[in-house]
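Q: Sequence:
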Amino acid sequence: MNLRPNRVKEKLASGGTVCCVSGLTDPEDIDRFGPAGFDAAWLEGEHGPVDFRDIGDLTRACDLWGMTSIMRINQNEQAIVYRALDRGVQGIVVPHVNTKAEAQNVVDGGKFSPVGQRGLFTSRQGYGVENYFDNANDHTALIVLIEDIVAVNNLDEILTVDHIDVFFVAPSDLASSMGLIGQLDHPDVISTWDGALQKISQAGRAAGTLTNNDNVSRFVDLGVRFLMVGAGGWIDAGATAYKQAAGIA
Numbered sequence: 001m002n003l004r005p006n007r008v009k010e011k012l013a014s015g016g017t018v019c020c021v022s023g024l025t026d027p028e029d030i031d032r033f034g035p036a037g038f039d040a041a042w043l044e045g046e047h048g049p050v051d052f053r054d055i056g057d058l059t060r061a062c063d064l065w066g067m068t069s070i071m072r073i074n075q076n077e078q079a080i081v082y083r084a085l086d087r088g089v090q091g092i093v094v095p096h097v098n099t100k101a102e103a104q105n106v107v108d109g110g111k112f113s114p115v116g117q118r119g120l121f122t123s124r125q126g127y128g129v130e131n132y133f134d135n136a137n138d139h140t141a142l143i144v145l146i147e148d149i150v151a152v153n154n155l156d157e158i159l160t161v162d163h164i165d166v167f168f169v170a171p172s173d174l175a176s177s178m179g180l181i182g183q184l185d186h187p188d189v190i191s192t193w194d195g196a197l198q199k200i201s202q203a204g205r206a207a208g209t210l211t212n213n214d215n216v217s218r219f220v221d222l223g224v225r226f227l228m229v230g231a232g233g234w235i236d237a238g239a240t241a242y243k244q245a246a247g248i249a
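Every letter in the sequence shown is one number past the one before it in my numbering, and letter 175, counting from 1, is 175.
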């Protein structure tokens, strides 16, 4: 048995752009979405229903379609990071990473020695893989959320931390931390959001952010290489269009 490749890490390493979908909360949903050919599924364990018991079946569904399974956890705790990895996810998203030390903590919990200090246990991804511990670090994606103005102010230092694959600028919490809750179209929010993404790209690191059909091309032009989109927006838009076509208010 060979270790399953991490599609997100491979595409980023080759200079490619990753498409990741969120909002799929059941293995059947992932199976249904699989033919769309996205690179990754974002499993929501901070704001959504995903729990450790769910991870095995969710990641098996992702494995069937060659999609990288990425889980957002709810705390920057090493034990939570590596427990999720042990259950089978191929990548971790950690919220509210505001300092260099907090970014390093993600690496320490997400990578085996000598890079980090992840607890020595064979992940579901490692079953039957004889050299799992020698290669797991190369197939484990680490993503940190830059979602507070303090993180933006500390971004130069945060970007010096090695072994982080994506620095993801999350606009909603960023706007809130600026005293502009819900105002994603405010000039100050847009300027801060775009500036952080550009700084990440200019530092030679991979930038990520939340996108939709209307703004994704703009973020591609800014150099964003990890594009996340929520399936909920597509459902809402499709339902609205259907009702309009049917003449239903």
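Hint data in this document are derived by calculation from the structure and do not stem from the laboratory. Here a beta-carbon is modelled for each residue, glycine too, at the ideal position from N, C-alpha and C. Careful: at least some of the hints might be erroneous.
What the hints assert, rightly or not - Below 30 Å or equal to it, Euclidean Cα-Cα: the simulated DSS-like pairs (lysine-lysine) are:
1) K100 x K199
2) K11 x K100
3) K11 x K199
What the hints assert, rightly or not - Listed next, with one range per pair, are the computed distances between beta-carbon atoms:
4) N74 x Q117: 18 to 24 Å
5) G179 x Q117: 22 to 28 Å
6) V115 x Q198: 41 to 47 Å
7) S217 x G66: 22 to 28 Å
Q: Could you run down the list of hints and mark each one as holding or not?
A: Comparing the hints with the structure gives:
A hinted pair counts as satisfied when its Cα atoms are at most 30 Å apart, and K100 with K199 qualifies at roughly 16 Å. A threshold of 30 Å between alpha carbons decides the hint, and for K11 with K100 the separation of about 26 Å falls inside it, so the pair holds. Our distance criterion of 30 Å between C-alpha atoms is met by K11 and K199, whose separation comes to about 21 Å. Distance hint for N74 and Q117: a CB-CB separation of about 21 Å, consistent with the stated range 18 to 24 Å.
Taken as a hint, the range 22 to 28 Å is violated for the pair G179 and Q117, whose Cβ atoms sit roughly 38 Å apart. Checked against the given bound of 41 to 47 Å, the beta carbons of V115 and Q198, roughly 28 Å apart, lie outside it. At about 26 Å, the beta-carbon gap between S217 and G66 stays in the expected band of 22 to 28 Å.
Figure legend: structure checked against the earlier numbered hints; hints not met, in rising order: 5, 6.
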